[in-house]
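In order, the protein sequences belong to chains G and S. 1 is the number of the first residue of the first sequence in the numbering used here; add one for each residue after it. 1001 is the number of the first residue of the second sequence in the numbering used here; add one for each residue after it.
Heads up, some of the hints might be wrong.
Unchecked claim - Derived, one-sided and incomplete: chain S residues facing chain G with beta-carbon distance under 10 angstroms:
| id | residue |
| --- | --- |
| 1 | I1029 |
| 2 | R1060 |
| 3 | P1067 |
| 4 | L1180 |
| 5 | L1202 |
| 6 | D1203 |
| 7 | P1242 |
| 8 | E1246 |
As the list claims (entries may be wrong) - Here are the simulated EDC-like cross-link-like pairs (lysine to aspartate or glutamate), alpha carbons at most 16 angstroms apart as the crow flies:
| id | chain 1 | residue 1 | chain 2 | residue 2 |
| --- | --- | --- | --- | --- |
| 9 | S | K1186 | G | D39 |
| 10 | G | K145 | G | D302 |
| 11 | S | K1061 | G | D299 |
Claimed, not checked - Residues of chain G placed beyond 12 angstroms of chain S at every Cβ, according to the derived structure:
| id | residue |
| --- | --- |
| 12 | L30 |
| 13 | V176 |
| 14 | S219 |
| 15 | D220 |
| 16 | T294 |
| 17 | A310 |
| 18 | E344 |
| 19 | D384 |
| 20 | F444 |
| 21 | L468 |
Just so you know, the hints here were simulated from the structure itself, not pulled from any lab data. Remember, it's a predicted structure, so these values are computed and weren't measured experimentally. We put the beta carbon where it would ideally sit given N, CA and C, even for glycine.
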Amino acid sequence: MTTTTTSTAPSAASVAGAVSASDHAHRDLLRLATAGSVDDGKSTLIGRLLYDTKSVLADQLSAVERATAARGGAEAGTVDLALLTDGLRAEREQGITIDVAYRYFSTARRAFVLADTPGHVQYTRNMVTGASTAELAIVLVDARKGVLEQTRRHATITALLGVPHVVLAVNKMDLVDFDETVFRSIADEFARYADAIGLPDVHAVPLSALAGDNVVDRSDRTPWYDGPTLLEHLEAVPVDRDAHAETFRFPVQVVIRPRTAEHPDYRGYAGRIASGVVRVGDEVTVLPSGKTSTVTGIDTFDGPLDEAHAPQSVTLRLADDVDVARGDVLVPTGAPATVGSDLEGTVCWLAERRSVLGARVLLRVGTRTVRALLREVNARLDIDTQTVEVWDGIDTLHTVDATDTSSDTAPRALTLNAIGRVRLRLAEPVLLDDYATHRRTGGFLLVDPADGTTLAAGMVGPTLLDRLTPTPPPSAADDDWLAGAGI
Amino acid sequence: MTTEATAPPTAAARPSRLTQLDALESEAIHVMREVAGEFERPVLLFSGGKDSIVMLHLARKAFWPAPVPFTVMHVDTGHNFPEVIDYRDDAVARFGLRLVVASVQDAIDDGRVVERPDGSRNPLQTVPLLDAITAHRFDAVFGGGRRDEEKARAKERMFSLRDEFGQWDPRRQRPELWDLYNGRHKPGEHVRVFPLSNWTELDVWRYIEREEIDLPSIYYTHERDVFLRDGMWLAPGGWGGPRRDEVLERRTVRYRTVGDMSCTGAVESTASTVADVIAEVAVSRLTERGATRADDRASEAAMEDRKREGYF
Chain G
1 MTTTTTSTAP
11 SAASVAGAVS
21 ASDHAHRDLL
31 RLATAGSVDD
41 GKSTLIGRLL
51 YDTKSVLADQ
61 LSAVERATAA
71 RGGAEAGTVD
81 LALLTDGLRA
91 EREQGITIDV
101 AYRYFSTARR
111 AFVLADTPGH
121 VQYTRNMVTG
131 ASTAELAIVL
141 VDARKGVLEQ
151 TRRHATITAL
161 LGVPHVVLAV
171 NKMDLVDFDE
181 TVFRSIADEF
191 ARYADAIGLP
201 DVHAVPLSAL
211 AGDNVVDRSD
221 RTPWYDGPTL
231 LEHLEAVPVD
241 RDAHAETFRF
251 PVQVVIRPRT
261 AEHPDYRGYA
271 GRIASGVVRV
281 GDEVTVLPSG
291 KTSTVTGIDT
301 FDGPLDEAHA
311 PQSVTLRLAD
321 DVDVARGDVL
331 VPTGAPATVG
341 SDLEGTVCWL
351 AERRSVLGAR
361 VLLRVGTRTV
371 RALLREVNAR
381 LDIDTQTVEV
391 WDGIDTLHTV
401 DATDTSSDTA
411 PRALTLNAIG
421 RVRLRLAEPV
431 LLDDYATHRR
441 TGGFLLVDPA
451 DGTTLAAGMV
461 GPTLLDRLTP
471 TPPPSAADDD
481 WLAGAGI
Chain S
1001 MTTEATAPPT
1011 AAARPSRLTQ
1021 LDALESEAIH
1031 VMREVAGEFE
1041 RPVLLFSGGK
1051 DSIVMLHLAR
1061 KAFWPAPVPF
1071 TVMHVDTGHN
1081 FPEVIDYRDD
1091 AVARFGLRLV
1101 VASVQDAIDD
1111 GRVVERPDGS
1121 RNPLQTVPLL
1131 DAITAHRFDA
1141 VFGGGRRDEE
1151 KARAKERMFS
1161 LRDEFGQWDP
1171 RRQRPELWDL
1181 YNGRHKPGEH
1191 VRVFPLSNWT
1201 ELDVWRYIER
1211 EEIDLPSIYY
1221 THERDVFLRD
1231 GMWLAPGGWG
1241 GPRRDEVLER
1251 RTVRYRTVGD
1261 MSCTGAVEST
1271 ASTVADVIAE
1281 VAVSRLTERG
1291 ATRADDRASE
1301 AAMEDRKREG
1311 YF
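I would like the entire structure built from these sequences, with the hints used as guidance.
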């Protein structure tokens, strides 16, 4: 890491500190993730965003100046922006990033929560973690190297987790003399790949994190580029979800029953709206029980509402004294919703211990936790080649000792960072929303019941893995429609 | 079992994006309700500082019209600002809270911890905190920590598992995906929960302004006798300051953080309202910990070390 920059004050344009408090009342919050390695200049890029938006304060900067000098890398008065994102001691000592770090910066228009994820192959789980909540991902490439295996890996995870917006940051443009043809060929190659894996919205920016070109301030060295700078794009990208176009989902967190003199009979269901809109008077169905009722009140500490939308936290009252508890989900009566106890989906394995067929695990989906059996691992995605290896779908339950959780002999196991397709049998039926259409309620965790370790993160229904699968999965062979079509 | 559609939801499309503060509030309320749903004996750390006051406000909002379903705990260093203790007691009475006080002085008297030569009791809070967690069998402990405060905190989870010794092991952290927080733990372990993880100092102040939340008076400008040590204005008190060579001066100051008097410095300020404070913080070139916390200056990894040992 020899990236340095002079420590002069950033320009006053577009910085948080220059804006009065009242201007902030209407700004929104954008969650983004960065993917790339130190070699791509990721730490420098994040350092540049923090520095140029005045999110780095004088004492942090002087600490970095001291650290820069201590490492003997830079001349006096310069600062290694990459050091701004240094975290734990082991990371500083080894010069690597171990874990997801969260960074904060803001402008007058938008506040940003940035999940800074390490880019090494062994840290797939960190990228998956960072991407799970991101509305936008920045995929970083070195202009000298172009689209690498690693770039495709990052794009693949971004697509797998359903991140709706992507920025391709073509960094180190200063080292290719700001050559437009270099930028265009990288952007075109990435666009073709993005198309193939179904990344919806990709925007490419030519920049130099080290020199600051097109990060916050527009560069005069790229006259051929008339698009926004990286920060301008982040500020302007329309991420408004149309809550009215989504189907309402309300996982119940807790039942509010004050039993106080003031509220002796109050009963409300507290939760955060996962998707869609709810209005007083709406007919709702409680899943998995299927009981129906009507919303009679949407309560908040600040007063009742006629209507609320995702991701507001509210408390709902219902007309009937139906049985509703934590783990239940309220959905609109009459709208499609699948409830079942056979779950097919894609998981990313997050634990050091490998998957074991027949293992009894806990499944956490929404606010509900149920016991589950890992019945089948029938495909694995090779993240480097973006190919899917299909394993025959024979239920090997009977051939594996389910109690041997340390087994190294499991023939088709998922190991740390592996991505595979699984089938789970659940002890009781739950709402099964496809992740592709319900990012909040279609994600799940697998947890070890013995010690609480998070084993895997999963997505219900078809994902990128299925899109990349060359032939139909074996389990589809017994589907009725295939038989009916005479195939 | 599949329910078939009969009528799709109909409504005019219109933007439905929360403002930043509404998004942060909704997230914090969601986290608090998850704790209420998943844990048996949660406790909320309440120092009388602005972050814990905001947490308490969020807890009132999360469970309204029911009362706050958590015990609150104050880790008392014995070197308190009287205004803060008054605020604490008033809040406990007003909101009908159950208060547990974990006392550093008691721990010193019992010989569980030893007073430091510099008189600072901030690092001594870990032992009484962990002892109280064990004694009351608390399984979830809300802290007001924010990821923007300090670089070791930037990697902290919303739900942070601690072993029997209260230790934080960054390599053992559970991945945290979507808004699915895994709070399962073995007997003797507990989980620290940080609902304000994604807030910055300015966000906290803007929220205090919007919600019209009362704070202890020392957060606003006042005249105080102070003396200069290591570049910070400290207030005299029973903790041992000032030394013979340190001179008391009358200054117009306020506090950006509230902690042990021995290591919490005042900043010179004429900010008398929340709006004044926001304007001041917005142009400040120092982080609140850099400006006012002697304990974080000790080494590059000071906070990381204390966190590993079980600190807040």
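Next pair to validate is S:K1186 with G:D39; report whether the Cα-Cα distance is within 16 angstroms. Distance of about 40 angstroms is beyond 16 angstroms: violated.
Would the hint on S:P1242 stand, with a C-beta cut-off of 10 angstroms toward chain G? S:P1242 check fails; min Cβ-Cβ to chain G is 24 angstroms, beyond 10 angstroms.
If we take the beta carbon of G:L30, is the closest beta carbon in chain S still more than 12 angstroms away? The claim breaks: G:L30 does not keep its Cβ more than 12 angstroms from every Cβ of chain S (closest is about 9 angstroms).
Mind checking the alpha carbons of S:K1061 and G:D299 for me, to see if they're no more than 16 angstroms apart? Holds: S:K1061 and G:D299 sit about 10 angstroms apart, inside 16 angstroms.
Non-interface label on G:E344, tested against every C-beta of chain S at 12 angstroms: Non-interface label on G:E344 holds, nearest chain S Cβ at 15 angstroms vs cutoff 12 angstroms.
Find the nearest Cβ of chain S to the Cβ of G:D220 and say whether that gap is larger than 12 angstroms. 29 angstroms, holds
Is the interface hint for S:L1202 satisfied, with its Cβ closer than 10 angstroms to some Cβ of chain G? Constraint on S:L1202 satisfied, holds at 8 angstroms.
Does S:R1060 meet its interface restraint, that is, does its C-beta lie within less than 10 angstroms of any C-beta in chain G? 7 angstroms, holds
Non-interface label on G:V176, tested against every C-beta of chain S at 12 angstroms: 33 angstroms, holds
Check on G:D384 being off the interface with chain S, judged by Cβ distance over 12 angstroms: 21 angstroms, holds
A closest beta-carbon separation below 10 angstroms is what the hint needs, so does S:P1067 meet it against chain G? Holds, about 7 angstroms.
In terms of Cβ atoms, is chain S entirely out of 12 angstroms range of G:F444? Incorrect as stated: the minimum Cβ-Cβ distance to chain S is 7 angstroms, not above 12 angstroms.
In this structure, the earlier hints numbered 7, 8, 9, 10, 12, 17, 20 are contradicted, and the remaining ones agree with it.
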